[in-house]
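Number of protein chains: 2
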Amino acid sequence: MANPLRIGLAGLGTVGGGVVRLLGANAGLIARRADRPVVISAVSARDRHRDRGIDCAGFAWVDDAGELPGRSDVDVVVECIGGADGPALALARDSLALGKPLVTANKAMLAHHGLELAALAEAAGTALKYEAAVAGGIPVIKGLREGAAANALSSVYGILNGTCNYILTRMEAEGLGFDAVLTDAQRLGFAEADPSFDIDGIDAAHKLSILASLAFASRIDFAGVACAGIRAVASADIDHAAALGYRIRLVGLASAEDGRLFQRVHPCLVPQAHPLAHVDGPLNAVVAEGDFVGRLFFSGRGAGAGPTASAVVADLIDIARGDTGPAFGMPVAQLAALPAAPQAAHAGRFYLRLAVVDRPGVLAMLTAALRDSDVSIESLIQRGDHGGGVLVVMVTHVCVEAKVRAALATMAASEDVLGAPVMMHILDL
Amino acid sequence: MANPLRIGLAGLGTVGGGVVRLLGANAGLIARRADRPVVISAVSARDRHRDRGIDCAGFAWVDDAGELPGRSDVDVVVECIGGADGPALALARDSLALGKPLVTANKAMLAHHGLELAALAEAAGTALKYEAAVAGGIPVIKGLREGAAANALSSVYGILNGTCNYILTRMEAEGLGFDAVLTDAQRLGFAEADPSFDIDGIDAAHKLSILASLAFASRIDFAGVACAGIRAVASADIDHAAALGYRIRLVGLASAEDGRLFQRVHPCLVPQAHPLAHVDGPLNAVVAEGDFVGRLFFSGRGAGAGPTASAVVADLIDIARGDTGPAFGMPVAQLAALPAAPQAAHAGRFYLRLAVVDRPGVLAMLTAALRDSDVSIESLIQRGDHGGGVLVVMVTHVCVEAKVRAALATMAASEDVLGAPVMMHILDL
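If you read the protein sequences in the order shown, they are chains A and B.
Residue numbers for the first sequence follow our numbering, beginning at 1 and rising by one.
Residue numbers for the second sequence follow our numbering, beginning at 1 and rising by one.
Hints are not guaranteed to be accurate.
As the list claims (entries may be wrong) - Not the full set, but computed from the structure, chain B residues with beta-carbon under 7 angstroms of chain A:
(1) Gly147
(2) Leu244
(3) Val293
(4) Ser299
(5) Ala336
(6) Ser376
Calculated directly from the structure, the hints in this document are not laboratory data.
Even glycine gets a Cβ: it sits at the ideal position worked out from N, Cα and C.
Based on the provided sequences and hints, a complete structural model is requested.
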């Protein structure tokens with residue numbers, strides 16, 4: 001067996017701690033699969049004396065993570081610090097510039113600086129690996145970059161944030177409101193104290209921008225992701241969606257049409273027959289639609305110490321075996337710069353919910369607004385006794401989003417409409 | 001861009017024809033992902049003049065596929081001939097012995113000769129690739145060998161034969177019997193004229209033995225797979241399974257316990273909450289349960305020209321990029337020779353169906369037979385008017401299979417039991 005692959009590990013939080021545990025627990029198996037031992041030489045974290053429940057006595061301790069790439073006993077750097085910029089980015093740049101492979105779970109850093117880092121890795125002839133950055137333990141980066149490599153993909157989409165999926169499935173199962181479930185999710189550790197990165201869809205958007213680059217051989221365009229989270233999803237929406245045959249999920253979806261890249265993260269009505277409708281709790285799932293392979297579906301645990309460490313160590317095994325292929329499937333210079341497709345021109349079916357005053361003519365006003373914007377209605381539910389008003393739920397036929405938004409603007413301007421109308425997309429893939 | 005990777009393609013049936021079409025349709029994208037063009041130099045098939053709907057005018061024609069490996073314009077051989085032995089095996093041996101990579105979709109050949117071929121590839125420092133051999137276009141070989149590489153897996157299982165799944169789901173949806181659906185499946189091209197390889201579970205057993213090797217870092221042991229097909233599944237079983245909350249699927253399952261390898265292909269009751277219960281029609285799916293990653297689930301199209309070609313070309317792209325890693329994830333000499341676990345010692349819950357004479361004391365006889373074999377009953381359905389007799393369906397609590405078989409032998413010996421009792425396993429993973 002060859003020389004060991006020696007790791008410099010920056011960050012000993014959930015992910016870093018999981019990597020330490022996994023490399024210890026499965027050392028023998030990993031050495032057989034990597035054809036050499038994979039060992040930690042040096043670690044770095046903010047507080048040396050904190051009890052993390054892991055034994056770091058055998059590793060050199062480095063107070064400044066920035067020293068890891070330069071150490072002669074470090075062959076590869078594993079970045080588990082987090083954050084799009086700051087020390088994580090400095091470490092990644094230094095490691096790659098020195099020609100040492102970098103493994104990271106940091107989707108925010110990749111969404112913002114992935115192309116720069118991939119170019120650095122190419123220039124140095126080394127590897128940038130990030131299987132853990134999207135969908136935790138599910139090997140979806142490898143699945144897209146290599147498994148589906150022969151296909152032109154028409155779309156890639158999925159459930160990319162476990163916190164949102166946990167909240168939505170609990171709202172669905174228990175009939176609770178968003179705030180109550182969020183509070184409980186925070187108590188149980190399924191949501192952060194500051195949950196906005198998750199529930200506003202930003203984390204899913206980071207991941208989607210990475211998947212889109214792999215799927216369409218295009219440059220990462222995080223700024224081009226239209227992003228809406230789940231704060232506006234009400235129990236009433238979940239109930240009405242169920243009555244119509246749908247479940248609500250936060251879906252990240254990217255497609256390439258006519259040389260333009262469409263990217264969106266949004267709460268979405270998923271038909272109950274679609275496999276994404278059965279992805280419950282903190283699970284993640286990714287679907288890719290290819291011209292020869294058809295639909296590929298991957299699911300599993302999208303977060304947590306074990307699944308994330310599984311993906312980090314899979315990358316380390318690839319590196320130990322000599323895999324230094326380009327981070328996004330081809331040299332950065334060959335990735336296409338696709339312009340963003342206009343969101344409003346996207347066609348689909350839409351779910352609309354409005355609370356209206358209970359008086360004659362209101363339904364006629366709503367349906368006239370839709371007619372005047374050339375939007376036709378597939379189904380409509382009207383229910384009285386909604387806080388003094390009437391609840392109207394509609395599903396449109398296929399039309400472009402701009403027309404629905406125009407109709408909604410007309411409706412919202414009416415005194416008979418109480419509060420802001422709710423609009424959600426229906427997943428018809 | 002580097003020199004093209006030049007292919008010698010043996011066999012122009014469904015798979016070979018699909019490879020020709022895919023390499024033509026997506027040539028530009030494939031060249032970007034492979035970092036070089038992937039082109040066909042020479043082809044071989046039995047009948048040069050048959051119209052296959054593909055244009056082979058640009059390829060050299062070779063009457064004897066055995067000449068492909070020796071050609072100076074062939075860098076890699078793609079074997080799409082089929083059959084465990086004969087010309088396919090000779091071609092594979094010759095290609096690898098000459099140090100030329102081999103790509104194959106031939107699960108029968110791999111189940112029987114995979115270790116020999118992998119050792120040949122190792123000795124020559126070249127690649128044996130076979131993503132298309134299991135689950136068609138789903139990148140499950142890569143997913144297990146690389147994606148889940150950091151994990152000790154406790155089990156790998158799935159729906160590995162699309163023909164059986166198509167038949168079972170049509171029986172379920174339409175209430176038809178096995179023979180009627182089989183005949184129609186043959187007419188529609190979902191089943192072969194001689195369907196025994198599929199419906200007797202042999203094809204699934206070939207695939208399972210390959211998955212087990214990857215999952216448990218063990219030597220392929222096709223002879224150790226206990227194998228039962230779907231001929232004995234009756235509409236009555238599907239109905240009763242549904243009433244009890246299950247769907248019947250042909251499941252291939254392998255697990256490693258106490259250093260022994262358990263491998264079985266069998267029709268199985270899958271709880272409706274399990275993701276395999278929602279894999280319908282000709283789809284395939286594979287589940288792997290890892291100690292750190294948890295459950296990974298992959299699904300997609302398991303057969304057909306497009307999905308199979310997608311997997312073959314993914315292998316070609318890997319080879320074009322220089323990936324010559326060991327076929328089963330580590331050198332053959334390091335794969336463990338795990339003895340087969342005794343099937344009868346395996347514990348689980350069981351579904352039993354018997355037709356009995358309608359007279360007093362029969363139910364007492366059945367329940368006594370179970371009690372005497374130490375098998376306890378979780379649920380029981382009794383229905384009269386079953387062809388003059390009474391239908392009894394039971395689900396046991398967890399017990400070892402030997403005890404259930406002993407009880408069944410006692411029952412079957414009774415004159416009151418009409419025909420052979422039916423026993424199926426319940427998937428409790």
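Hint check:
| no. | hint | in the structure |
| --- | --- | --- |
| 1 | Gly147 | holds (3 angstroms) |
| 2 | Leu244 | violated (20 angstroms) |
| 3 | Val293 | holds (4 angstroms) |
| 4 | Ser299 | holds (5 angstroms) |
| 5 | Ala336 | violated (9 angstroms) |
| 6 | Ser376 | violated (32 angstroms) |
Of the hints listed earlier, those the structure fails to meet are numbers 2, 5, 6, in rising order.
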